[in-house]
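Student: As they're listed, the protein sequences go chains A and B.
Position 52, counted from 1, in the first sequence is what this note's numbering calls 52; the numbers after and before it change by one each time, with no gaps.
Position 258, counted from 1, in the second sequence is what this note's numbering calls 258; the numbers after and before it change by one each time, with no gaps.
Since the hints were made in silico from the structure, they are not lab data.
There may be inaccurate statements among the hints.
Stated by the list, open to error - Listed below are the simulated BS3-like cross-link pairs for lysine-lysine, each with C-alpha atoms no more than 30 Å apart in a straight line: (1) B:251 <-> A:291; (2) B:43 <-> A:322; (3) B:390 <-> B:84; (4) B:195 <-> A:160; (5) A:322 <-> B:314; (6) B:329 <-> A:371; (7) B:119 <-> A:255; (8) B:390 <-> A:299; (9) B:365 <-> A:123; (10) A:279 <-> B:199; (11) A:164 <-> B:268; (12) B:4 <-> B:119; (13) B:251 <-> A:160; (14) B:281 <-> A:54; (15) A:371 <-> B:119; (16) A:93 <-> B:365; (17) B:390 <-> A:347; (18) B:365 <-> A:90; (19) B:4 <-> A:85; (20) A:139 <-> B:195; (21) A:93 <-> B:195; (22) B:329 <-> A:255; (23) A:164 <-> B:309; (24) B:74 <-> B:41; (25) A:123 <-> B:4; (26) A:54 <-> A:411; (27) A:85 <-> A:54; (28) B:81 <-> A:160; (29) B:41 <-> A:255; (30) A:139 <-> B:314.
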Amino acid sequence: MELQTSSLADVRVLELAGEVGSYAGKLFADLGADVIHIEPPEGDPTRMSQPFYKDVPSTEGSLQYQHLNTSKRGMVLDITTSEGKEIFLKLVKTADILIENEPPGYLDQLGLGYSQLSSINPKLVHVAITPFGQDGPYKDYPQSDLVCMAMGGFLYLAGKDEDKPSRVYGDQAYMMGSLYAAMGSIIALYHAEATGEGQFVDVSMQECVSTALENAVQYYDLEGIIRRSLVGAEAGYGTYPCQDGYAFVMAAMGKNRYLWDPFIDWLIEEKVEDAEILKGNDWLDPAYRKKEASIQTFKRIVEPFLLKNNKMFLYEESQRRKCCVFPVSSPKDVYENPQLQYRHFFKTLYHEALGGEIHYTGAPYEIDGIKWELSATAPVFGQHTRGILQDLEYTPEQIKSLEKEGVVVVK
Amino acid sequence: MSNKMPLEGIRVADFSWVGAGPITTRFLSEYGAEVIKIETKSKPEILRLTGPFKDGIPGIERSGYFSNRNPNKKSISLNMKSPKARDVAARLIEKSDLVINNFRPGVMERWNLGYEDVKLIKPDIIFVTMSMQGSTGPHSSYMGFGATLNALVGFNHLSGFPDREPFGTGTNYSDHVAVPTHTVFAILAALRYRKKTGKGQFIEVPQSEAAICMKPLAVMDYAVNGREQMRMGNRHPDAAPHGVYRTLGEKRWIGIAVYNDGEWESLKNVMGNPQWAQEPKFASKEGRLANQDQLDSMIENWTCGQNGKELMEKLAANGVRAGMLLDAKDILEDPQMQARGHWVYLDHPEVGVSAYSGSPVHMSKTPAQFKMPAPMLGQHTEEVMKEVLKMNDQEFKNLEAEQVFI
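Okay, chain B solo, but in the shape it has when bound (with noise of 0.2 Å):
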């Protein structure tokens, strides 16, 4: 185990809210920068007002949507209405190695805080942006979700049952990974960039086009081939069958994927060779793709009757590729999830123990580290105010009377 963590030393200023932007801190804290999260009292971010709950009880310090994004970050109340409140954010932005937000382009401008403004303060300032679309173009300045920008760039498109509307992931797919991956690793190249040369960086990512790297072959197939794909349910062009499948109780399925002609009499063996399978038309992979309808309909009347989990483990164990579809009871439970110690359980003062995701990445000598459960809004202010900008008593309460902290 290493002494130091890989970021030790960089301090965040954080004024990102709701999604990419916060999971994107999130990682940076996890491997050792302090990050203090810029909030305010006067209007809390929405995810603190958006399910789920503690008990079901709404409350700004109750959402597990936003504690899962923000463990081991301060927080401070900073209300940027507030004449002096932009003074105190240039203050913390000189202690800074980093300022990050997700704002539609200006807003960070309106407050003299935009990139221009922020090297004037700290000339190696990291600056990082993560605009909708980026910030030139005739959509720059669109508002925009993590919701429909999956619509925008061709994830439910491609995702759903051919003969049904297009459906998606189910979630705001492009904000959970893409895009805050994608920035870390540009926020590292810019970090290694000054330690060589002492100089910082101004870093845009557009979000709709880090999405787009992660599903780029639709569109280069039609670039090169003129051919509009389209959604396949859970076909694979090159692999038969390859389904999800019910078996026994509600809402239970199991994904089978099968490449070859070598895994296919794997399936049928566990299957008990039954005599349709035997039929020469199954034989081959071209066979098997160009029958899928028969072969999804024959597997399915196999699995409906069978107990999901004993069965993955039966064809795993015959080297046929299957999958539970596991829900989010069965994934804290998951033996291999828990053998591999991811989730966290973090003591927040007013919600208790709850779940964290942990990380997916275990680096054998600095490990993730999750030290704080999310904070209270505003829990950090004096903390931050007086160590890090090494406020007076007296300078601090002169703020805190003038509203600056709401």
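Extracted from the complex, chain A is given alone in its bound form (with noise of 0.2 Å):
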């Protein structure tokens, strides 16, 4: 490997964000760029987010807090005082990207506004991510990430035939807001970089949900037809209980032989019951797989099977085996699987205020050149709020002026 250099380090950020967007301004600040993260008074909301370490509620302890703002530095700034819209006018110009997850109008009301912030520096590309746009008859809509992802189409797919959808874990609407919003952002300003123009950036979380609804929209579009989650649709596609917990069987693929052929040998080879039953050639057809009764027989036959192993044997013997059962990892077996493992895929900081260690996700890429690190823990309330005024050449005096009236958090 070369000598890795930061390839954002000469990029300022501005973030004006919490649970939304914050992953977009880590995802810069992970590969160096200057990332500020900029809360009000009453602070991120994220901080109030459970779980907490060692279950302690305190306003660094919040786990999503800590993981979505790694390597940034932190202010707190009331921006609807005169003072501290002066203070982040200051700072913009000093900006190259803006994120932020202001309801559609809030920033114009306070005078910060694309239109305000765009005269000051030409070059910023100002990322606002909403629930449903800067437009439209919903944009005012109240909104959560069950509200985003009912709206987007994801959560109806979320169940098969009558079934009530159940949501996905971990507010993944606002993580596809959050990571459409970063590539948005770095596009513009690779944009901005070569043509000296900014832009406005309007991400709406609702149609980004709306882009992960796999081949839904389509079976609308093309045949009529309204479809839903096919996991556990036919036979030898799903869940299945095993020894410790669940296995993921894929044995089934259209009409191919592929995965199927060397799952059922596997299972003859073990004198698993009736398992010869499983070979006739009627198997290899979605149709007859689909049929109840088909879904009922694989599963006699191969649950006693399932449930005599545990699911790292199943997962590493069926690969050994040129097919597909995959372990339904726990949060426990995921950070013990022995490939992220051997990976050193998960990173541990030293947390001062806490005084503790916390164990964070890797990188999501690897750049030969470039270096991606988690070089702080996520700012302390306030941490920063007085170097970032020294650079802007407050002084110490105004500085303190600042914290009396509450402009400013300073830690």
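Reconstruct the complex from the two isolated chains, following the hints.
Tutor: Next comes the structure, spelled out in structure tokens:
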């Protein structure tokens, strides 16, 4: 590996973000950009989010806050005050990107909308993430992750047949909004650097979610069919109990036999009762596998075998046999996964204020010559306020008075 | 409006197929990159063979699954098994800025088109590989699919009802957003670096690791607190009621999320302040969290006879976070999605006009562009050979006769 350098060290990102948007800033920060996470005096709401370090609620202890804000600087600033606005505008002059998740029109009301910001910094890329976008009939609807997942069409897919759907873990509408915002930010940055032209980037979480519907929209558009989840809808494709939890079996794949045959041969080799039944050519026909009787037969034959074995054995042995049984991993399984352990995927950092180590996910990508690093734990409330104000040439007396007036919080 | 797109002049030699790879290059194409998709007529990729198909009639040019992932791209048919194909691929790479694949580790190397080979052809190339689980480690050569990956990284265990088996998302979720957006971010970081230093990069995106970054809290909670989080249906650790409730009609539901006492008061008002909701046990968030079974069943009694859309509008007008569960038809017709101009309709020679997802990222000066429908297999072979590789007619015909382009 060649010597790694920071690709984004000369980029400054301002962030008025919480659960939505902070992950976009994290992607910049972990590649070396100067990301300033600006919180209101009442704090980033993510700080209140469970679970907490050692289960003790505290301003710094939220694992969600810690995860989303690695490698950033933090500032507490009340942008609704006139002095706060002035400070914010001075920062905007120095910034390449602003990422925010305020309701549509809110920053305009404060005199801090894109038209104002771009007039002082035409190269600025201003990225706004909102539930429904900046315009349209639902733009002011109250939102939550659940609402975005519902209105984005994703939640409907999360169930089969008539079943009530269940929500995917981990506020994924917020994550999708943040990821699309990150992508839009860096593309627009690349453009601004080439042309001197900044722009406004309007990200709708409903639309983000709607890009994750697989082929559901096309099913309706081309065939008039409204689909839902296909998992478990046919024999040999879905979740089955095993000795220590559940395994995900993928033997069925259209009319292909290349996953089916080695799996059934394995059962036969293990002398699983009636396994020969599954050898019939009928089983390579999706329509046959979708019959309730087929689903039950497969289950009756396969389950006793799976229940005798643990998920890691089933996984590793199936791969050796060129078939596909995966573990349905619990959080513990993920943490202890031998592949992830071998690759040292999880990272730890010592957090001084909490007095202990926090475990983080590692890099989502490896770029040969570009350094990815968790360079610091998430900023303590107000940690960098003073330094940032000093960079803007505020004197210690001025900082003291801003603090007294409640415009800033200095740690 | 700008007269130049952000990625104009960037050419992508796209060896990727099926899911996360093609979605990545779709994004690049929306912002101006020229994406040349390398396929082969001798073995069309699996999505071309997978429905839905126009009018339900199978055909390699009729799949909506394939088309939605591949607008704006050019397709060349190149049979890598033919001895001269490697040279054609190398010439294309020489004219490209980016090479991308999502094969298992080793496939590009077998063609002598691994990063070390490609770097000799084009020293400042950005080479992207999206392996399932990374190229090192005991499971690096394991095969897998979107559906199995979601089980492996923990989405399934954590998503579903607690009294039922693990469910997941009902889709190959990580393919659609997690992996492609992360990959584009890495590519842009590398492009920016190349612009400054003239150097190319090798980028590896292990799909499992990019997916875990979407949902790390349960793993962090285990590592730090020793707790094993469990799936909780539609509930939320910090909000109640928080659920999906039946409304009038078949397979019709509404999602309602109440985060604080003020929102609970608003919901009670919309419900007409029924007696049961006045019980003191529901007055605080702690009380509501502790009594969710009763809460959910009473709310569902109230929602199940009502029209979902009207109910959503009434709740939203009163400050309650609520959203109907839109199905595919609903979302194509949704007034908000339409007002945003989200859906893009492109005209394909065999399919005709059909719906594609637009971009959720609305850029004021360089909006995402959708210039062409998904390509027919090999539609642009001749064009690319002659215009990009500068082949003369004779050379093209010779290679064609040698079955290089099947």
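Student: Which of the listed hints are broken here?
Tutor: The structure conflicts with hints 4, 5, 6, 7, 8, 10, 17, 19, 20, 27 and 28, although it agrees with all the remaining ones.
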